[in-house]
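Take the sequences, apply the hints, and build the full model.
Note that the protein sequences, when read in sequence, are chains A, B and C. Residue 48 is where the first sequence starts when you use our numbering, and the numbers rise one by one after that. Residue 48 is where the second sequence starts when you use our numbering, and the numbers rise one by one after that. Residue 48 is where the third sequence starts when you use our numbering, and the numbers rise one by one after that.
Some hints could be false.
As the list makes no split between identical chains, a pair holds if one copy fits it or if it spans any two.
[Said to hold, decoys possible] With a cut-off of at most 30 Å between alpha-carbon atoms, the simulated DSSO-like pairs for lysine-lysine come out as follows:
1) K123 to K218
2) K355 to K338
3) K319 to K338
4) K99 to K218
5) K338 to K70
6) K70 to K365
7) K346 to K365
8) K90 to K218
9) K70 to K355
10) K123 to K90
11) K355 to K305
12) K110 to K218
13) K355 to K365
14) K305 to K123
15) K70 to K218
16) K319 to K123
17) K137 to K123
18) K110 to K99
19) K123 to K99
20) K305 to K90
21) K90 to K319
If you're looking for bench data, these hints aren't it; they were derived computationally from the structure.
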Amino acid sequence: MRVEDLAKNVGGRVVGHAETQIKGIADLDHAGEGEIAYVDNEKFFPAALASKASCLIVSQSEKFPDRTLIEVANPKLAFALIGAALHRVKREPSIHPTAVVASTANVASSAYIGPQVTIGEHVTVGENCVLHPGVVLYDGVTIGNRVILHAGVCIGADGFGYVRHELGYQKFPQIGTVVIEDDVEMGAYTCVDRAALGRTRIGRGTKLDNMVHVGHNCDIGERVVIAAQTGISGSVVIEDDCVIGGQVGFGDHTRVQKGAIIGSKAGILPGKIVRPGVWWGIPVQPLDQYKRMNAHLNKLAEMRDEIKQLRQEVAELKSIKSALPKTSQ
Amino acid sequence: MRVEDLAKNVGGRVVGHAETQIKGIADLDHAGEGEIAYVDNEKFFPAALASKASCLIVSQSEKFPDRTLIEVANPKLAFALIGAALHRVKREPSIHPTAVVASTANVASSAYIGPQVTIGEHVTVGENCVLHPGVVLYDGVTIGNRVILHAGVCIGADGFGYVRHELGYQKFPQIGTVVIEDDVEMGAYTCVDRAALGRTRIGRGTKLDNMVHVGHNCDIGERVVIAAQTGISGSVVIEDDCVIGGQVGFGDHTRVQKGAIIGSKAGILPGKIVRPGVWWGIPVQPLDQYKRMNAHLNKLAEMRDEIKQLRQEVAELKSIKSALPKTSQ
Amino acid sequence: MRVEDLAKNVGGRVVGHAETQIKGIADLDHAGEGEIAYVDNEKFFPAALASKASCLIVSQSEKFPDRTLIEVANPKLAFALIGAALHRVKREPSIHPTAVVASTANVASSAYIGPQVTIGEHVTVGENCVLHPGVVLYDGVTIGNRVILHAGVCIGADGFGYVRHELGYQKFPQIGTVVIEDDVEMGAYTCVDRAALGRTRIGRGTKLDNMVHVGHNCDIGERVVIAAQTGISGSVVIEDDCVIGGQVGFGDHTRVQKGAIIGSKAGILPGKIVRPGVWWGIPVQPLDQYKRMNAHLNKLAEMRDEIKQLRQEVAELKSIKSALPKTSQ
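See the structure below:
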């Protein structure tokens with residue numbers, strides 16, 4: 048594709064040779080003839096100036112004289128869009144012969160169903176979905192359009208619920224379902240359990256990394272991002288546009304309000320309401336407060352020294368008291 | 048089924064119309080004609096009074112006049128039992144044609160073996176087991192009766208053991224086995240490694256959530272409950288009736304004594320003995336102590352202020368000392 | 048095999064009956080006729096003396112009179128090597144008929160490819176590799192020689208990268224690859240994501256436990272050991288010979304220098320450089336410092352008591368000041 052065409056696709060302005068042919072994307076250091084790279088941080092200006100890329104995507108064209116450029120407000124976004132256009136992964140709509148698809152399942156003809164996938168009874172899979180090898184969809188779950196499920200994603204296994212009695216545990220019924228909305232992507236081996244009663248939901252445009260656990264009856268909103276290995280207990284609500292780090296743990300019945308950001312490895316106690324803002328730590332607290340506490344913790348040795356010294360000084364002062372003439376006491 | 052029959056099954060007392068037909072379970076808010084719900088907490092009495100359920104399972108029938116009720120001591124347990132009776136998942140005993148079962152494996156004819164399952168040489172699978180898609184049983188492991196293994200559960204992979212030498216790592220032999228006793232249930236992608244020598248054991252009636260890791264040579268007792276993403280290093284012993292939260296980490300050779308409860312995200316140092324009681328934190332400590340420490344931590348700012356003020360006051364007092372007449376010193 | 052032959056293989060010295068036939072390894076307590084065990088710790092000398100093993104591997108032969116022994120400097124290493132020789136797992140080179148191997152993949156004829164494995168386009172698998180059931184190799188990844196991948200290992204799924212825009216998230220291109228070098232072993236369900244651009248690398252002789260997550264563009268060196276459920280964000284560098292515990296979390300762009308040791312459950316902030324030494328905690332700090340901080344934390348109650356007492360004593364002393372005769376002030 049020509050630079051001019053790429054620029055048009057991302058609403059960018061061409062500087063230099065609009066006719067230059069671009070066949071791929073690369074990073075600044077490795078880009079060569081026919082490749083396009085991006086720079087969105089002054090730190091990388093020297094690498095950009097030295098780059099052999101045939102075209103650069105930049106936000107400040109004046110910094111790169113004599114280069115062919117696409118100028119846009121958000122170079123990284125433009126690069127991602129251009130990359131998607133140039134490296135379109137062609138997955139012919141198909142169901143791999145080793146996939147097991149129940150006769151009652153309703154799989155869109157535009158979907159790609161990879162090897163060793165299992166799709167249970169009464170499942171729905173929407174338009175243009177990509178199910179990588181080994182994905183397991185239990186009976187009755189619903190997958191929207193343009194959903195990408197990486198290897199081994201498991202949707203609809205039983206939630207973890209038991210009732211204790213004298214002899215052991217009775218399984219609580221897990222007869223609800225799961226709804227995955229449009230444009231969701233999930234990393235390898237991420238698991239979303241079915242609801243006990245009702246449904247577990249992953250909202251439109253939400254992205255989950257590898258090995259995330261979503262318990263029964265959770266309601267995860269739209270455009271939520273959750274990094275790898277985070278675990279979400281039952282009946283948790285995460286509202287739209289939240290950003291959750293990796294290895295975070297949510298107690299059951301937590302509610303995270305719209306747009307909140309939770310740092311990696313945080314722990315949220317059951318029933319907690321997490322308000323908008325940035326949160327950190329175990330148990331989770333506002334980032335400012337977490338930082339102050341850490342600053343205090345780093346002063347503990349000093350505090351103990353000071354207390355020790357005060358004790359000595361006070362002991363000395365007390366010895367004066369006993370030495371004072373009677374009249375002055 | 049009639050309310051009368053359901054009540055009989057759970058040892059409950061019918062109040063109201065014993066002949067009412069019930070065809071399914073539901074929660075209070077969604078239950079309708081022909082459905083049964085339960086209430087075991089005063090908090091939900093208003094929802095119960097407003098519920099359209101044809102029958103309620105309750106512990107205090109006098110609170111719900113003019114309703115058809117089943118009165119029992121433990122409504123949630125009764126609901127779980129009734130749910131199991133009404134929503135019996137029929138899995139015809141079968142081995143899916145895509146499953147790979149070694150000719151030397153001994154699989155009970157009453158077991159259900161799902162798609163893409165792999166069962167190795169000399170494996171035993173007991174009566175009425177359910178192996179969901181993609182389960183992997185390595186050679187020589189033993190699965191008891193009525194065991195439910197969700198998608199991708201992996202039993203008997205090599206334990207993680209190496210001996211360092213000058214050039215790198217020599218694998219330590221992993222030639223032991225795994226025994227899973229009766230009535231165990233494991234969530235998706237939970238892994239139980241084979242013993243180096245000897246066996247790894249999961250005791251009768253124990254329930255593991257998704258993505259739990261059990262290392263080589265562990266001995267997990269009966270009726271133990273372990274939530275998602277908990278990791279258990281080699282040679283750990285967890286005695287009967289323990290309850291373990293999610294994302295807990297156990298150092299090797301830990302022993303958790305009968306009935307202990309360990310909160311989510313706790314960390315247990317290698318070799319530690321965890322006595323009965325409730326434990327929390329990293330490293331793990333008794334919950335009371337953990338709470339006291341957290342209370343202290345929240346006072347750190349105040350403590351630093353107090354030390355600062357004491358320093359000023361002591362400095363002032365010292366200035367008196369130097370001003371005192373010689374005789375009084 | 049005869050004791051003499053086994054000793055020769057590990058450079059050991061025979062004491063006693065060199066002709067004794069050994070057919071298997073076992074631990075001290077369970078070893079019997081025809082079995083060999085090892086002892087490398089004085090703690091186990093009584094068990095060794097009582098052991099029914101036909102031969103013991105020891106470092107101090109004088110402690111075990113009247114026994115057939117192999118004396119070596121490192122008994123555990125010798126035991127591991129002898130175990131590997133005696134319990135050689137024969138896996139005939141083969142591709143299981145249920146495996147799906149792309150026609151463009153290049154799989155060495157000496158490799159073992161288990162049931163339900165998926166190997167994508169243009170993948171290379173080296174000599175004597177063992178791929179257990181359900182392994183997934185995405186397109187274009189490279190696996191070295193003698194690599195062991197346990198059940199469900201996933202190599203080359205897309206990295207987790209998105210660019211936020213007004214309407215949601217645009218996927219950042221994930222068109223790089225993964226290189227797994229020789230003699231690597233990975234536990235069940237461990238995931239190594241492909242690079243966005245460039246490559247993700249796992250160095251020669253490195254061992255990963257179950258359910259480890261390695262993000263896009265990471266560079267893990269040679270002879271690195273990483274325990275279960277550790278998560279490594281994008282672009283992390285771990286240099287040669289590091290040892291990483293379980294459930295550790297790495298922020299992106301971290302660098303861990305050669306030989307560093309990081310304790311289980313540690314958390315490393317993005318961009319941090321971890322120098323050689325032993326590290327612990329969240330956020331990670333040198334072990335000494337971590338221990339000192341924990342010692343301080345255990346003194347918090349005492350510190351608060353001391354401050355309280357000091358406050359009383361200072362108040363008392365201040366009352367003297369006001370009682371002093373004018374002249375002495």
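Going through the hints against the structure:
1. K123 to K218: between (49 Å within a copy, 11 Å between copies)
2. K355 to K338: Both, since 26 Å and 21 Å are each at most 30 Å.
3. K319 to K338: Intra 21 Å, inter 17 Å, cutoff 30 Å: intra and inter.
4. K99 to K218: between (62 Å within a copy, 25 Å between copies)
5. K338 to K70: This pair counts as neither: shortest intra-copy Cα distance 47 Å, inter-copy 55 Å.
6. K70 to K365: neither (85 Å within a copy, 80 Å between copies)
7. K346 to K365: both (28 Å within a copy, 26 Å between copies)
8. K90 to K218: This pair counts as between: shortest inter-copy Cα distance 24 Å, intra-copy 57 Å.
9. K70 to K355: Neither, since 71 Å and 66 Å both go past 30 Å.
10. K123 to K90: within (15 Å within a copy, 51 Å between copies)
11. K355 to K305: neither (48 Å within a copy, 41 Å between copies)
12. K110 to K218: Between copies only: 28 Å across chains, 65 Å inside a chain, cut-off 30 Å.
13. K355 to K365: Close inside one copy (15 Å) and across copies (16 Å); limit 30 Å.
14. K305 to K123: So K305 and K123 pass the 30 Å test inside one copy only (25 Å; across, 33 Å).
15. K70 to K218: Intra 57 Å, inter 19 Å, cutoff 30 Å: inter-copy only.
16. K319 to K123: Cα proximity of K319 and K123: across copies only (24 Å, versus 36 Å in one copy).
17. K137 to K123: Answer is within: at 23 Å inside a copy they meet the 30 Å cutoff, but 51 Å across does not.
18. K110 to K99: Within one copy only: 16 Å inside, 70 Å across.
19. K123 to K99: within (18 Å within a copy, 54 Å between copies)
20. K305 to K90: between (33 Å within a copy, 27 Å between copies)
21. K90 to K319: Between copies only: 18 Å across, 40 Å inside.
Checked against the numbered hints given earlier, this structure breaks hints 5, 6, 9 and 11; the rest are met.
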